[in-house]
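Each residue of the sequence shown is one higher than the one before, starting from 29 at the first, in my numbering.
Be a bit skeptical, because a hint or two may be false.
Computed list of lysine-lysine pairs in DSSO-like fashion (alpha-carbon distance at most 27 Å, straight line) [as the list claims (entries may be wrong)]: (1) K114 <-> K169; (2) K40 <-> K108; (3) K169 <-> K108; (4) K114 <-> K159; (5) K108 <-> K178; (6) K178 <-> K161.
The set of hints was computed from the structure by calculation and includes no laboratory data. Since we're looking at a predicted model, the values are computed, not measured.
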Amino acid sequence: MDDGRSNDINLKEYFDVIKRRAWIIVVLMIVTTAGGVLYNHLNNTLLYQTSTRIILETEDEDMNTLMVMIKDPIIMDEVKNDLNLKLSDEALATKISVTRLEESQVVLISVTDTDPERAVEIANTTANVYKKKIVDILSFKEVQLLSEAKLNPFPINENQSRNLVAAAVFGFVVGIGIVFLLDTLDGTIRNRHDIEDYLDVPVIGSVSAMNRRNTITKKKKKQSSHVEARGERIGFKQNQTG
């Protein structure tokens, strides 16, 4: 029973410690959140992705060869020239990924770029150039454009909100730690537990804090009641004398 009461008291004391210096926690959360916003602005480059689909009407043994040719320097060089991109063939190829949809003849050409409109242009131009060039390179004519790439306005790596939450939680935890550290270093006596710890003796009683205004009011009431009591006694004596 005493252990439960002691735990309740300790929890209340912890709450009081946090309440006294809550402003420290609030300030640190604001600072760390602002730092998270700045970090997102400076370091988090948003990437956009879009895809176009083509059909390669060929046997399975030729499919891999035809897919590899999509990112060949011959194709990349013409795409780069058509779009006037200031990139090397290798850099352009890193923006493009080529995948086969399951075991079908449908091939997905995906482009990832920091500019969503440029991603669309690269994807569609790559498909068109490939359809034209593959005839000259491998004499393969069975390429059909299934669907063009569309503008995707949503970044694929947007995690700003998660960073901000992490920054706010970090500020809260650090703030709690600083608050309790300051309380530990503070030698001010605030309650009977501090007195018992400091003097190593139990506290057997306490006096409630008195407000000066309440003290004056109580004193006036006491004087007023005393005067009324005296008046009653005097009146009683006069009646007896008469």
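Within 27 Å, alpha carbon to alpha carbon, are K114 and K169? violated (30 Å)
Is the hinted pair K40 and K108 satisfied, with a Cα-Cα distance of at most 27 Å? Cα-Cα ~68 Å, so violated.
Would you check the hint for K108 and K178, treating anything up to 27 Å between C-alpha atoms as holding? holds (20 Å)
Is K178 close enough to K161, meaning Cα to Cα at most 27 Å? holds (23 Å)
Tell me if the straight-line CA distance from K114 to K159 falls inside 27 Å. holds (23 Å)
Assess, step by step, whether the Cα of K169 is no farther than 27 Å from the Cα of K108, and give holds or violated. holds (23 Å)
In terms of the numbered hints stated before, the structure departs from hints 1 and 2, listed from lowest to highest.
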